[in-house]
Amino acid sequence: MSTIQVKDEQGVRIITINRPEKRNALSLEMYTNLTEYLIQGESDNAIYCFLIKGQQDCFTSGNDVADFLKNSNLDSKHPAFNFLFHLLDLKKPIVAAVTGAAVGIGTTLLLHCDLVYADNTAKFQLPFVNLALVPEAGASLLLPQLVGPQKAAELLLLGESFDAQTAKTLNIINDVIPSETIFDFALAQAIKLAKQPPLALQASRALMRSNKELVRQQMKDELAQFSIRLKSDEARTRFEAFLKK
Numbered sequence: 001m002s003t004i005q006v007k008d009e010q011g012v013r014i015i016t017i018n019r020p021e022k023r024n025a026l027s028l029e030m031y032t033n034l035t036e037y038l039i040q041g042e043s044d045n046a047i048y049c050f051l052i053k054g055q056q057d058c059f060t061s062g063n064d065v066a067d068f069l070k071n072s073n074l075d076s077k078h079p080a081f082n083f084l085f086h087l088l089d090l091k092k093p094i095v096a097a098v099t100g101a102a103v104g105i106g107t108t109l110l111l112h113c114d115l116v117y118a119d120n121t122a123k124f125q126l127p128f129v130n131l132a133l134v135p136e137a138g139a140s141l142l143l144p145q146l147v148g149p150q151k152a153a154e155l156l157l158l159g160e161s162f163d164a165q166t167a168k169t170l171n172i173i174n175d176v177i178p179s180e181t182i183f184d185f186a187l188a189q190a191i192k193l194a195k196q197p198p199l200a201l202q203a204s205r206a207l208m209r210s211n212k213e214l215v216r217q218q219m220k221d222e223l224a225q226f227s228i229r230l231k232s233d234e235a236r237t238r239f240e241a242f243l244k245k
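Mapping to our numbering: the sequence shown position 235 is 235, numbers consecutive.
If you're looking for bench data, these hints aren't it; they were derived computationally from the structure.
Possibly wrong hints are sitting among the right ones.
Computed list of lysine to aspartate or glutamate pairs in DMTMM-like fashion (alpha-carbon distance at most 20 Å, straight line) [stated by the list, open to error]:
| # | residue 1 | residue 2 |
| --- | --- | --- |
| 1 | 192 | 213 |
| 2 | 77 | 36 |
| 3 | 91 | 175 |
| 4 | 91 | 42 |
| 5 | 91 | 36 |
| 6 | 212 | 67 |
| 7 | 231 | 67 |
| 8 | 77 | 67 |
| 9 | 22 | 75 |
| 10 | 7 | 42 |
| 11 | 22 | 9 |
| 12 | 91 | 221 |
| 13 | 77 | 175 |
Start from the sequences and build out the full structure, keeping to the hints where you can.
Written out as structure tokens, the structure is:
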């Protein structure tokens, strides 16, 4: 079965990360597919909103490290970063339903979503420094703006996991929803957005994201540092230890 599944329902493009045997770790091919589905949905006049979700026990554990290291020459066309830049440029709203692990990109992509819901099994983590890397997706700018500089430092520099209630308190997610209803609830919210006047919805969303070019520049700066860090001796040591696990 496809590792990225797509289904359109009532004006909503539902994108499901479907690689449970690897805890939904994202390969370069999966990033390419995610980007393609966003581009297709953006140009489809029957699609008004996106919903991204994982499996009941896992949103995504982050990058497939072994696959990511095969293509360590990073630029904006690298599948992972190409996905992030397309996420930044979306005109249509995006809703996320988070269950289980949301590691690395599993948390940073939420900063670009309009509505985010999680259940009590959700565990968020930003372990970039732990792996001798730096944040991506504009998280080094967006997270301090959202939660304050001290809390952002705690989350990004220590890289410790935190639960759904903490994520709600920090305004990273909208609400904590029971596990048995979270996917239905998130879809219902996405359908509500899809029924709004689309041009007014997109214009309002754009106004709320007036700092987009600042975020874009931050993402470019992050990418440059990420590329340097990825080739460093300390990153190589950390990744070797990670892969041995």
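Hint check results:
| no. | hint | result |
| --- | --- | --- |
| 1 | 192 <-> 213 | violated, 28 Å |
| 2 | 77 <-> 36 | holds, 13 Å |
| 3 | 91 <-> 175 | violated, 24 Å |
| 4 | 91 <-> 42 | holds, 7 Å |
| 5 | 91 <-> 36 | holds, 15 Å |
| 6 | 212 <-> 67 | violated, 30 Å |
| 7 | 231 <-> 67 | holds, 15 Å |
| 8 | 77 <-> 67 | holds, 16 Å |
| 9 | 22 <-> 75 | violated, 26 Å |
| 10 | 7 <-> 42 | holds, 14 Å |
| 11 | 22 <-> 9 | violated, 27 Å |
| 12 | 91 <-> 221 | violated, 23 Å |
| 13 | 77 <-> 175 | violated, 34 Å |
Hint violations for this structure: numbers 1, 3, 6, 9, 11, 12, 13, all remaining hints satisfied.
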